[in-house]
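Model the placement of chain B on the given structure of chain A, informed by the hints.
Protein chains: 2
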Amino acid sequence: MKLNFSHSKVSEDTFIQTGESLHPYIDILQQVVDGHEYEVYESSILMPGDNDLYEKSRSLANNFDLSKIKYIIDIGIGGSNLGTKAIYDAFYGFFDMIEPHRYPKMLFLDTVNNEQMKRTCSSLQSQGITPEEVLIVLISKSGGTTETVANFELLHTYASQIFAQELRNVIAITDEDSHLWNKAHEMGIACLPIPKPVGGRFSVFSPVGIFPLEAAGINTKEILQGALDMRNTCLSHNILQNPAAISAIAQFNQLKQGKTIHDTFIFQSNFESIGKWYRQLMGESIGKEQDLDGNIVNTGITPNLSIGSTDLHSVGQLYLGGPKDKMTEFVFAFNSDESLSLPQEITMEGLVDNIASKSTSDILHAILEGVMVTYEHKNLPFISVDLESLSLFSIGQFMQFKMIEMMYLGKLLHVNTFDQPNVESYKVETKRILSSNS
Amino acid sequence: MKLNFSHSKVSEDTFIQTGESLHPYIDILQQVVDGHEYEVYESSILMPGDNDLYEKSRSLANNFDLSKIKYIIDIGIGGSNLGTKAIYDAFYGFFDMIEPHRYPKMLFLDTVNNEQMKRTCSSLQSQGITPEEVLIVLISKSGGTTETVANFELLHTYASQIFAQELRNVIAITDEDSHLWNKAHEMGIACLPIPKPVGGRFSVFSPVGIFPLEAAGINTKEILQGALDMRNTCLSHNILQNPAAISAIAQFNQLKQGKTIHDTFIFQSNFESIGKWYRQLMGESIGKEQDLDGNIVNTGITPNLSIGSTDLHSVGQLYLGGPKDKMTEFVFAFNSDESLSLPQEITMEGLVDNIASKSTSDILHAILEGVMVTYEHKNLPFISVDLESLSLFSIGQFMQFKMIEMMYLGKLLHVNTFDQPNVESYKVETKRILSSNS
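Protein chains in written order, with the numbering used here: chain A, 154 to 591; chain B, 154 to 591.
If you're looking for bench data, these hints aren't it; they were derived computationally from the structure.
Since copy identity is lost for identical chains, a pair holds within one copy or between any two.
The list that follows gives simulated cross-link-like pairs (lysine-lysine, DSSO-like), each with its CA atoms no further than 27 angstroms apart:
{"#": "1", "residue 1": "223", "residue 2": "271"}
{"#": "2", "residue 1": "580", "residue 2": "155"}
{"#": "3", "residue 1": "580", "residue 2": "531"}
{"#": "4", "residue 1": "477", "residue 2": "564"}
{"#": "5", "residue 1": "584", "residue 2": "531"}
{"#": "6", "residue 1": "223", "residue 2": "258"}
{"#": "7", "residue 1": "162", "residue 2": "531"}
{"#": "8", "residue 1": "374", "residue 2": "258"}
{"#": "9", "residue 1": "258", "residue 2": "271"}
{"#": "10", "residue 1": "209", "residue 2": "258"}
{"#": "11", "residue 1": "477", "residue 2": "584"}
{"#": "12", "residue 1": "580", "residue 2": "477"}
{"#": "13", "residue 1": "580", "residue 2": "162"}
{"#": "14", "residue 1": "477", "residue 2": "409"}
{"#": "15", "residue 1": "531", "residue 2": "155"}
{"#": "16", "residue 1": "477", "residue 2": "162"}
{"#": "17", "residue 1": "531", "residue 2": "409"}
{"#": "18", "residue 1": "374", "residue 2": "155"}
{"#": "19", "residue 1": "349", "residue 2": "580"}
{"#": "20", "residue 1": "209", "residue 2": "221"}
Only chain A is shown next, with the shape it has when bound in the complex:
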């Protein structure tokens, strides 16, 4: 992974000076790693190297007869499924519709959707799926997420009716000693723990992500190797070589200059869900009413997600002509060796010049370059991240980079990166409404 910040509109001096203020925090993160400390919220960075926990997930996954599994139903919402979906979609999910015969497929049930539940159950029935072919993964950190429990109950009720027997392969992933943990044990359902201080949005390398991805046949070791590699890079005191620090400092400085929106502009359409995972990471981590001293600050950056080249034909006009309130991060990878090429003789000759014999990479690359040059001309700040390859290793690198970046950005903004106090307010109202309708 290579980060280029030459168009960030932040000077090298600023990077170095602001970076110095991060040194004590970098030391704390290094201590967490060295001491294998599980008492602080930052301990999510231990996940890629925690072999015990990793082996627990892997061996439990392999306890099931995975060769029989056709559908893995991942029931969870927010931090419980966004990381898994990011990785699954990048390599399989985006293509699932065009590959109807590839199995296992992962289905994600997050919010309650009546039509989705009905059609899922009736499709399982019409396909003649048996309980042995379905693996249910129930994920809730707190163990009491309304949508997750509701989806499990609905699936349990309706799928059991269809199969005329109970669901067989069920596993729960939750905090040790949550109500769900205890209930699952009572019911004889296998459980995997999420280490207490590891919050949902930082949990992709914990059992939350590893178990379902491993069950889906994805080489999770490669993901973690990428993450470990990047963790070391992102704990460097040499700020100009530390992508997490650079990216955080760029965003911090651009926010001070009125760039209230961060646009992750990904030139790889199957990586859309990775952008959605980052949306939560940024939105929840630094979108805060109060700072660490209790002052009302209403701070935060609104994460925006764009897909190249698709969104150039959608919101490109706004980005180039509209308000200058965005900082952009272009993310891309070009595996040019494996690219398909257009024929030498174009059938529809004369419509677009200079595309004969060009590969898909050539074309996408020319569009991206054209856009970056235009951003430069228009004085729009951006950084770019070259993933270098479309691999699990790169994705592991990118996600670890982003999680550490967010810790640095929270530190610079002087907010609690790890809590989400304001979402409680609507949950209280929802509970009141549900109880008054009983």
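Just chain B now, with coordinates in the frame of chain A:
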């Protein structure tokens, strides 16, 4: 469809006064309708009632042996596919992965994606699909969109190799007399016209949307009936009864008060692509460098898309605690009659209170109500749109409402709602790069 603006933080007086300034423009739109005027950009509002054009699309669709078609491959980008995808995804696409045996399926090729092209072709092969079972719809208003032409050439080359014969069912939808129009005629490919003044983002009710949706077996008449119904409502001088005017005025006033982001918060996860369609509509229509007098204004509102309840667990914290820079529009529909219900006896009893016997609608509704009450408490401005039913008619209403809303908003902001001059700049650079690599 019902719009509620009681929490828009805009006074009834302001709605009425600002609304009066729209009256002359409303009269112009009415003239377009009455005179069946095809000379102005606003003439997209003629689409739902243009029976000749509608019948052309329908009869051409029915010229193909649709009962044999398994895959409709819709090749287009931006305004050429977002409307079609919005409607298709809402009713089928969102569920396609869980319904592998439902046909025809629509595949969308927008940007170039090497992996997607490869896997599409190899899947067509492994499924034993024949040319008779594939319908290619090639859509480009200008006739010279790089990605669209590249995708067609790639598919033509590689699918023809797989089938060992040429693609059979191909149709082009483009401006009359574009290069594509002429080339297609030369090659004996059937063509449907897009009326000249109807821009991509306003073209969903033209052949651009009608042909592929009709070919997919969707009752397009019902969509257009909804649109026609809404067109009348949105041309009313009675501003308080005119949802397009109300919504535009609310956004205009909130922008003046620093709400630079518009969040469409849809509580129906299968409607995500409708939100993406609106993203283009808003982004391109009012994201402008210059106003109508040529002043540099860099105006616009950044469209943001959220899915309820999913995104409450992702960016809800930011919305409730972060910067107060958003105006929100909640969109929902609850078909409570058809809702599944949770059992009376919850299996995982004790995890979430008061959900036994509740329907999916009850739960989602309680969450939405909880959120709206919290927005009210936090003084966050919002309007809400109740679609009343999850039907093609409602979607037709909603999309027509939004297109007229955007015409009003462009008028209030004194910009050209219908052009997108700034996207030319990156295209010039891209062409330069492509030609220098030849």
